[in-house]
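Assemble chain B onto chain A, guided by the hints.
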Amino acid sequence: AQTVTQSQPEMSVQEAETVTLSCTYDTSENNYYLFWYKQPPSRQMILVIRQEAYKQQNATENRFSVNFQKAAKSFSLKISDSQLGDTAMYFCAFSGYGGSQGNLIFGKGTKLSVKP
Amino acid sequence: DGGITQSPKYLFRKEGQNVTLSCEQNLNHDAMYWYRQDPGQGLRLIYYSQIVNDFQKGDIAEGYSVSREKKESFPLTVTSAQKNPTAFYLCASTSYTGEPTGELFFGEGSRLTVL
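From first to last, the protein sequence lines stand for chains A and B. The C-terminal position of the first sequence is numbered 116 in the working numbering, with every residue numbered one higher than the one before it. The C-terminal position of the second sequence is numbered 115 in the working numbering, with every residue numbered one higher than the one before it.
Some hints here could point you the wrong way.
Unchecked claim - Rough simulated footprint, nothing fancy, chain A against chain B, three-plus residues with beta-carbon under 8 Å:
hint : segment
1    : 40–47
2    : 88–95
3    : 98–104
Said to hold, decoys possible - Below, computed lysine-lysine pairings styled on DSSO-like, alpha-carbon distance capped at 27 Å:
hint : chain 1 : residue 1 : chain 2 : residue 2
4    : B       : Lys-9     : A       : Lys-111
5    : A       : Lys-70    : A       : Lys-111
6    : B       : Lys-57    : A       : Lys-108
7    : B       : Lys-9     : A       : Lys-108
8    : A       : Lys-73    : A       : Lys-111
9    : B       : Lys-70    : B       : Lys-9
10   : B       : Lys-83    : B       : Lys-9
11   : B       : Lys-57    : B       : Lys-70
12   : B       : Lys-83    : A       : Lys-108
13   : B       : Lys-9     : B       : Lys-71
In short, the hints are calculated from the structure, not lab data. Every residue, glycine too, gets a C-beta built ideally from N, C-alpha and C.
Chain A on its own, in the form it takes in the complex:
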């Protein structure tokens, strides 16, 4: 069975600095999706960034980028120029292809606090 592990329950960063959130996963599949979701205090889950395992290039979305290491089964999220609005819970998630697409497996989350 697939598992997702986030080893940092809480992190903090000063505004405008850079922070990296860690995620490791375990799977025997070769093709899959990886995601980072953000859950602010409003509790709405918002997709931050998505990576397809067959793509070697790391995904980027504005200030957010990932370091995807397929062999090491590692998928970290880097937030550059942190802003107060980045304060939230961040969840790493895994999804298989095909019939299991959409059946996301989530890590337990990292609570990020951005301090002014």
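Just chain B now, with coordinates in the frame of chain A:
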């Protein structure tokens, strides 16, 4: 605007009562999901449905039931058999049309408290 609507946002229930959480989507998505969120536990899959009139159990289905009579709707019933129902419940959906992305779109959630 297209999206997923969950209701009610907050619900209180006495022990022994069944309660139904509503989830409606107007995104024309094929599949719908129910997740449960507890502090420090991440999100765990309760049930999912990939097509109308069909649904599958997730990792923690005991004490829950669902139906999918319409593509847009996927209500979740929390029964009295659920031993610890106090939690935050999230509904989500995804489309199988076009290039697959695997992405789930979420509603704003329902907070259930058992008194």
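Do the hints match the structure? See the list:
1. Only when three residues or more bring their CB closer than 8 Å to a CB of chain A does the claim for the segment 40–47 of chain B stand; here the count is 6, and the claim holds.
2. With 4 residues bearing a CB less than 8 Å from a CB of chain A, the segment 88–95 of chain B meets the requirement of three and the coverage assertion stands.
3. Counting residues of the segment 98–104 of chain B whose beta carbon lies closer than 8 Å to any beta carbon of chain A gives 5, which meets the minimum of three for the stated coverage.
4. Of the supplied pair hints, the one linking B:Lys-9 and A:Lys-111 holds, its CA atoms being roughly 23 Å apart against a limit of 27 Å.
5. Taking the CA atoms of A:Lys-70 and A:Lys-111, the gap is about 25 Å. The hint holds against a cut of 27 Å.
6. The hinted pair formed by B:Lys-57 and A:Lys-108 meets the criterion: a straight-line CA distance of about 21 Å does not exceed 27 Å.
7. The straight-line distance between the Cα atoms of B:Lys-9 and A:Lys-108 is roughly 23 Å, inside the 27 Å bound, and the hint therefore holds.
8. Taking the CA atoms of A:Lys-73 and A:Lys-111, the gap is near 22 Å; set against the 27 Å cutoff, the hint holds.
9. Only pairs whose Cα atoms come within 27 Å are accepted, and B:Lys-70 paired with B:Lys-9 is accepted, the gap being roughly 22 Å.
10. Note on B:Lys-83 and B:Lys-9: the hinted pairing holds, with a Cα-Cα distance of about 21 Å set against a maximum of 27 Å.
11. For the suggested pair B:Lys-57 and B:Lys-70, the alpha carbons sit about 18 Å apart, so the restraint of at most 27 Å is met.
12. For the hint linking B:Lys-83 to A:Lys-108, the alpha-carbon distance of about 22 Å falls within 27 Å, and the restraint holds.
13. Proximity of B:Lys-9 to B:Lys-71 is assessed by CA-CA distance (about 22 Å); at most 27 Å being required, the pair is judged to hold.
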